Amino acid sequence: MDASLWGGWLDQVVNGLILGNIYALLAAGLALIFGVAHLINFAHGSVYMAGSYLGWVLLTQVGWPLWAALPVAMAGSAAMGLLLERFAVRPFRKSARVAPLLATIGAGMILDSLGELIFSPNPRPFPAVVPADRFSLGGVSIGWLDLLILGATVLSAAGLFLFLKFSRMGQALRATAQDSEAAQQMGVPVNRVNALAFALASALGGLAGVLVGLYYNSVFPSMGFQAGLKGFTACVLGGLGNLPGAMAGGLVLGVSESLGVAVFGSSARNLVAFALLLAALLWRPQGLFAGRRRSLPPEPLTGTFLPVSKAIRLPLPTVLGLLALAAVLPILVPNPYILQIGTNAWILALFAVSLTLVAGTSGILSLGHAGLMAIGAYASGLLTLRLGWPFEASFLAAGLIASALGTLLASPALRLKGHYLSIATLALGEIVNQTILNAEPVTGGAMGLAGIPVPTLFGYAFRSAADYYYLTLGALAVGALVITLVVKSPLGRTLRALREDEVAATALGVSAGPYKALAFGIAAFFAGWAGALTAHLYSYISHETFGTTLSILGLTMVIVGGLGNVAGAILGGVALSSLPEILRPVAQFRPLLYGLLLLVALRWRPQGALGSR
Amino acid sequence: MSILETRGLSRNFGGIQAVASLDLTVGEGEVLGLIGPNGAGKTTLFNLLAGADVPDQGKVYLEGRDITSWPASRHARAGIIRTFQHGRTFANLSVLDNLHVGTHTRRRAPDLWGALFPWGRQSREEEALRRECQALLVPFGDRLTPRQDEAAWQFSYANRRRIEIARALAAHPRILLLDEPTAGMNPVETLEILEFLKGLKAQGQTMVVIEHKLPLILPLADRVVVLDHGAKLAEGHPLDIPRNPLVIEAYLGGKHHE
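Line by line, the protein sequences give chains E and A. Numbering-wise (the numbering used here), the first sequence opens with residue 16 and increments by one. Numbering-wise (the numbering used here), the second sequence opens with residue -3 and increments by one.
No lab work stands behind these hints: they were computed from the structure.
No more than 20 angstroms apart at the CA atoms, straight line, and that leaves these computed lysine to aspartate or glutamate pairs for EDC-like:
(1) Lys503/E to Glu122/A
(2) Lys503/E to Asp107/A
(3) Lys209/A to Asp236/A
(4) Lys503/E to Glu123/A
Every value quoted in this text rests on a predicted model; they were computed, and no experiment measured them.
Input sequences plus hints: build the corresponding full structure.
Okay, structure coming up:
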C-alpha cells in the first residue's frame, strides 16, 4: 500500500482517538449520573457548553493562564452541576418516571438560552494558548494540544477510578448506584451522593468543554446539544451506567467519526455518529462490552409512567362552541397579524395533538417528533416543486409518506423502553435532518427548499391571511377529531394499557410492537400534515426548520396541556405559540421562558392544565 | 390428555439453577398446585410457561404444539393467561378498562377502523364485552362494582389482586396461571378467594396455582408439585404432601424426626 495514504489513514485514527478522549470525558459524566441516579442527564451538553464559556472568559477576558483557568472552569461547572441536581433533579425523585428526564431537558434549554443571552449566538474564537507546533511520532503527526487532551483524560480517568475505589464517598457512591434505597437504610446520605455525582460529572463536562474549545478554536452556545448526543452515543456503546465502557465507547465513536469523515466528507460526521448510536441501540442495547443475555427486570410493585390525575373532559357543546368561535374570529377580528398568529397556533396545535397520541396515550416519549414534520414538509414541497403535483395530492401524500417512512424508521426503535427509546427518537429526529442536509441533489442541502407554491384546493388558491387561517384550522379539526376517536376507542385503551405496564399487557395478548407502530403511524400522518402546511405557507424550509428544539417545544405543549389529552394539546399549542407574540419585545428570552415553563409545569402541575389521561 | 406439558425445562441465572430439567404436565380441567420455599423457581417457571422468558434448555408444549419460543402475547392468544406475583394492574386505567384489556384476545372488530367508525359491529362488541366485564366483578361484591370507573391505583393491594384475577378471567383462559393470588390478604379474604377459585374449578377451569398458604392450596388442588432449587422435590395428592419428609425438610430445614 502507498505509504503516504497509509499515513493519512493513521493520522485520521489518531485524530479520532484525540476527539474520542473528549467524548470519553463527556460519556464518563453521563455514565456516572446514570449509574447513581438512573437518569439520562439531557442537560449535560449544556453544562459542557457553559464550562467551555467559563474557560473562554477566564482565558480571554480575565487573561489567566491555562493552568489556572482549567481547574477554575471545572470548579465552576461542578457548581453548575450542583444547582442542576438541586433544582432540576432532586425535586422529581419521587415523581412519575417521565418527570426528571423532562426536567433536565428544561434545565438544558435554560442554560443554552442563557448562553445565547450572555454571549450572543455567534461563535467566539478561543485563544491559541497551547503551542501549535507539531512533531512526528512514529510516522504520526502529534501536537501539544493532542498530548494535553490525552493527558487530561488519562489523569481524570485515573483520579475517578482511585476516588471510586478507595475513598469513603466513592464507596458510598458505588453503593448508591447498586441500590439507592438499601444505601439510604445503611446511612448513606443519598442526596449528597447524588449531588456529588452531578458535581463530578459536570466538572468532567466542563473540562471537555474547555478542551474542545481549544481543539476547534471556537465556542458557541448551541455546541452543547450535539456534544450531549455524542456523549449518549458513547454511553450506549459502552453500556448505560458502565463507566469504563462509556470511556471506551467515546474512543470507538471518535475513531468511527474520523474514518467516516475520511470516506464521506466532513458533513457526514454527525450522520455517522447518530447512525452508530441507532445501530448500537437496536442491535446491542446492552453495550459492546456486556454479556449477551440479560436476566428479566424485576417486577415493579406499583409505579406509573404518567402523573395520576383526573382529566377534565370538555362536553361536546363546549367543543363545538369553541370551534365556532375559532371559525368566526377572522370575521370579528379581520387583522392579518392576529390571523397569522392564529394560523401558526393551529399548525403547532396539530403537531401537539399528533405528539400527544405518541407521548401521552402510548407513553413513547418521542424527542424527535419534529423529524416527522420535516418528512411531511419535504415530501409535499418536493412533490409540488419537482414533480409538479397539485397541492391536494401532495398534501395527502405528505401525511402518508410521513406515516410510512416515519413508522418504518422508528419501528425497530419502538422495541426499546424508557431512556433508550427517548435517546433513539432523539437520534432519529437528528438523522432525518442530517439526511436532508447531506442529500443535497434532492433536498437542496444547507440551502434549503425555496419557492414552494401556495396551497390550492380544487382550483382555489390560498393567498390571504384568512385563507391560511381557515386551511390550518380545518386541518387541525380533522387531526383532532381522528386522534380523539382513537384515544377514546378500545384501541386507545389498549395503547394506554401498554403505556402503563407493557409486560402485563403482553401477558394479555397485546403485541406491543405492532400497536406502538400503529399509534406512531397515525400520529406521524398528522405531524406530516403540520410539516406540509408549514412548507406551503412559508414557501421556504430548511433542515433547521424542524430541529430538536421544535420537538422539545411540542413536548412542552403536550405536558403543559396534559399528556394524552387532545384538548390539552390544543390548549398547550395555542398558549405556547401565542406566548412569544405577547412577549415580542423580549423575543430573545423565549427559549429561557419555555425552559422555565417546562420546569414549573413539571414541578407544580405535572398532570398539565386539563389533566393527563 | 394433558393440555400443558414441559420436558427437561431449565433456566439459569448467572450460575443459579432457577429451573432444573423439569418435567410437568397439566391435564384438562385440572388444578395443579405449585408450592416450594422462596427461591424454589416457581415464578421463573411461570415466566417460562407464559412466554415472558425463554428457557436455556427444554420445551413447553400446549396440546402437543411446541410453544417454547413463542412471544408472550402469542401464549396469551393461545389461551395461557397469567397473573403476577406482586400484582400488575394498569394504574391509570379504570377497573372496567383493566378488565376490557383482558378481553383483548377475544375482540374481532378491527382496531383502527373500529376507532374511526365507532358504531355497528364495533359498538355491539364493546357493549357485549362491557356487560360481561361487569358480570365478572359481581363475585367480588361491593369491593369493586360500585367503584368500577375509578382508576386502579386508588385501590388497596388486595383489591388490585382481585382486579387482576377478574382481568385474567375476562380473557376466557384455556389455562389460568395464578401467582400467589392471596398474597397480602388476611385469612378471611384468603378464604373468600378459596371459595371463588373452587367455584372456577367446579366450572372446569384449568389452573396452575402458586401458593405458600397450604390451607388454600390443599383443598383446592387436584395434585400438588413441590419445587426446590428448581427441581421437582415431590408430587402427589394434596393430602400426602404435608406428610412427605422431603417436603418438611425443604420447608423447615434440617432433618425431620417423627
